[in-house]
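All chains should be modelled from the sequences, with the hints used to inform the complete structure.
Those sequence lines, one after another, are chains A and B. Numbered by our numbering, the letters in the first sequence go through residues 1 to 81 in order. Numbered by our numbering, the letters in the second sequence go through residues 1 to 603 in order.
Derived from the structure by calculation, the hints contain no laboratory data. The structure presented is a predicted model; accordingly, all values stated were derived computationally and were not measured. Yeah, the Cβ is synthetic: ideal placement off N, Cα and C, and Gly gets one too. None of the hints are false.
Per the computed footprint, the stretches of chain A lying under chain B, defined by three or more beta-carbons under 8 Å from a beta-carbon of chain B, are:
1) 11-24
2) 28-34
3) 39-53
4) 66-79
The calculated DSSO-like cross-link candidates involving lysine-lysine, where the alpha carbons are at most 30 Å apart (straight line), are:
5) B:K503 / B:K526
6) B:K542 / A:K56
7) A:K21 / B:K369
8) A:K53 / B:K538
9) A:K53 / B:K527
10) A:K24 / B:K150
11) B:K464 / B:K408
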Amino acid sequence: MGFKDIVERLDKYQRRLVGGKAAKIKSHHIEKAIEKLTTKEAQLKEELRETTKPEKRRRLEEKISTIRTQIEKAEWLSKEI
Amino acid sequence: MKSIFKRTLLPVILGILVFGFWISPDFQEIAAGVAIFLFGMLMLEDGFNQFSGGFLEKLLERATGSTFKSLSFGVLSTTIMQSSSLVSVIAISFLSAGLISLAAGVGIIFGANIGTTTGAWLVAGFGLKVKISAYALPMLAISIILVFQKSKYLRGIGYVLAGLGFLFLGIHHMKEGFEAFKDQFDLTRFAMTGILGLMVYTLVGAAATVVMQSSHATMVLIITALAVGQISYENALALAIGANIGTTITAIIGAMTANFQGKRLALAHLIFNMVTAGVALTLISPLRDAVDFISDGVGIRPDDYALKLAVFHTIFNLLGVVLMVPMMQKLIAFLIRTIPDATPDVSKPHYISEAVAGFPATIELALRKEIAHLQSNAIELILHALNLRQHELYAAQDIEAYVTASRKPYEIDVEASYEQRIKALYSEILEFITTSLAGDLEETSVQSLHQLRRSAEEMVRAVKEVKHLRANMSRFTKTDQGEITRLYNRVRTELARMIVEAKKMADADPEMRSSLWLEEERLRAKKVKAELGDYVEKLMIKGALTGPQATSFLNDAAYGYRAMKDIIDATRFLYSEQQGPMAEIEHILAADEDDIETVETTS
Numbered sequence: 001m002g003f004k005d006i007v008e009r010l011d012k013y014q015r016r017l018v019g020g021k022a023a024k025i026k027s028h029h030i031e032k033a034i035e036k037l038t039t040k041e042a043q044l045k046e047e048l049r050e051t052t053k054p055e056k057r058r059r060l061e062e063k064i065s066t067i068r069t070q071i072e073k074a075e076w077l078s079k080e081i
Numbered sequence: 001m002k003s004i005f006k007r008t009l010l011p012v013i014l015g016i017l018v019f020g021f022w023i024s025p026d027f028q029e030i031a032a033g034v035a036i037f038l039f040g041m042l043m044l045e046d047g048f049n050q051f052s053g054g055f056l057e058k059l060l061e062r063a064t065g066s067t068f069k070s071l072s073f074g075v076l077s078t079t080i081m082q083s084s085s086l087v088s089v090i091a092i093s094f095l096s097a098g099l100i101s102l103a104a105g106v107g108i109i110f111g112a113n114i115g116t117t118t119g120a121w122l123v124a125g126f127g128l129k130v131k132i133s134a135y136a137l138p139m140l141a142i143s144i145i146l147v148f149q150k151s152k153y154l155r156g157i158g159y160v161l162a163g164l165g166f167l168f169l170g171i172h173h174m175k176e177g178f179e180a181f182k183d184q185f186d187l188t189r190f191a192m193t194g195i196l197g198l199m200v201y202t203l204v205g206a207a208a209t210v211v212m213q214s215s216h217a218t219m220v221l222i223i224t225a226l227a228v229g230q231i232s233y234e235n236a237l238a239l240a241i242g243a244n245i246g247t248t249i250t251a252i253i254g255a256m257t258a259n260f261q262g263k264r265l266a267l268a269h270l271i272f273n274m275v276t277a278g279v280a281l282t283l284i285s286p287l288r289d290a291v292d293f294i295s296d297g298v299g300i301r302p303d304d305y306a307l308k309l310a311v312f313h314t315i316f317n318l319l320g321v322v323l324m325v326p327m328m329q330k331l332i333a334f335l336i337r338t339i340p341d342a343t344p345d346v347s348k349p350h351y352i353s354e355a356v357a358g359f360p361a362t363i364e365l366a367l368r369k370e371i372a373h374l375q376s377n378a379i380e381l382i383l384h385a386l387n388l389r390q391h392e393l394y395a396a397q398d399i400e401a402y403v404t405a406s407r408k409p410y411e412i413d414v415e416a417s418y419e420q421r422i423k424a425l426y427s428e429i430l431e432f433i434t435t436s437l438a439g440d441l442e443e444t445s446v447q448s449l450h451q452l453r454r455s456a457e458e459m460v461r462a463v464k465e466v467k468h469l470r471a472n473m474s475r476f477t478k479t480d481q482g483e484i485t486r487l488y489n490r491v492r493t494e495l496a497r498m499i500v501e502a503k504k505m506a507d508a509d510p511e512m513r514s515s516l517w518l519e520e521e522r523l524r525a526k527k528v529k530a531e532l533g534d535y536v537e538k539l540m541i542k543g544a545l546t547g548p549q550a551t552s553f554l555n556d557a558a559y560g561y562r563a564m565k566d567i568i569d570a571t572r573f574l575y576s577e578q579q580g581p582m583a584e585i586e587h588i589l590a591a592d593e594d595d596i597e598t599v600e601t602t603s
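Structure below.
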């Protein structure tokens, strides 16, 4: 999912918020979401350190990369909100 | 025998009422007063139910910390709601849903018995001394305006106000009725003294409470009759003790549809009230002396028997709590021994029941737990169908190596297991959701229920997909048959990996887990499908795979892919935030189906 999609979703959310159909996101909510993602990232990095099998290492690296992208998007969302 | 009793009870009660109306018009006023009072209690319950889903549940959740906290909660909530029965039924419901512990439930029931005594004080101290009917009519007039409002909470306030208005009006009519009645009939002729009087009037009090389903209504009836001298003080004491026994019937009825925990709590209620009544009957003389002593001390007139009855009601309930609290651990051990845990029949629901269906918070919580139970059954069956063992998989350091080594077919009738452990439970879940959705739920709760239903649907579908691929998968993996074995093992491995991720989500701290953790698995399910398609094509070109083998495998791989997706989606729907700002964030950050389709076409 690119940033274009997230922008569209944010627009939709803000329209629903104005219409009273969505709950207001505050910065501490995003901080909590980031905390959950960084916790998982730390667990995966720990698992990666203990893994020697190349195929498993590749899968873990992909997973860490996906989580990292999520964190970056959440940080971007934090600025927008 | 039981059905004959049930069939004859209603005509007998109606017959007594009609006979009473024929003998005395004042009896009509008393009976109407009781009816209005009970109607008021129903409205009060409806009013408090409007607040359910927020305030009440949050309070109950916090009342689990200690015996003192749960006891205080019981006292406070019963004082506010003026119904120990409602508090007992809520406690049974929350305990059945696993929201509170048995110890907390017992504490709440003990507290409710103290809280219910405030009703006697209100009637004896306020209801009989002030012309409360003057308040009743304006309260009713205002309440009806609030009842027609859109806001759920304003409607709730309206019902509570109307409930109180009807309670006041009921008390007024009972009082008026008894005052006029005493000119025609002298009920004190039926007064009985001694042990016989105690026993007979205790039974009458219990029977009256069973019929009216409210000890509060019985107490008001006793106090108003006592105030106009229609019953003797001694008999009124026995009636009050009887009312405490009779009130347990509501909890027993409430527990009939509850699980074993709810039944334990109803038994605790019965034991508490029976022990309290037994002690009160045994120590009736010293208790009377204590009432006189306390009444003198607080300035209650010696002939104000209504207030003295309120003192008695409070003392003997307090005495019960003082006696039972030190024995609480023994009582809980006895309850656990007497009503053992429900037999671990995995095909039956463990959490959802009629008892939890009354409150939005318990509906959602019980349903979530039940779907986790369904998921656990489904995952076990999927693994067995893949010839894998749950505990071995979760302990495996290298999932691929474990799957490759697991060749021996697992002896299981997958179809029969599906019928018994999945389909039966799934039907009960669907029925529960349908019934709950038919109730008065908030929009957010409706959405949560829909999402949980999707979680159950996806999980059941995953089992069906795996059923389809079992035959070929077993055939090609029990011995090494070259590339085709490796292909089937790849599908098994990927499914096993998804299941391990689902398990990690289930085991994670609920405060810290996020459905976003599964984004990579969502993308991966599609990647696997594309990779396998390409690989099969290469194998066919090389001649390592025959046409029929390739066709069978691609069909089975599609089942496998769909099962992977279903397992991950079921887990996401079960553990994702369902309401509020956190749910909005997860929704904004999650990839949608179109994004995942893009992964497939570009990989």
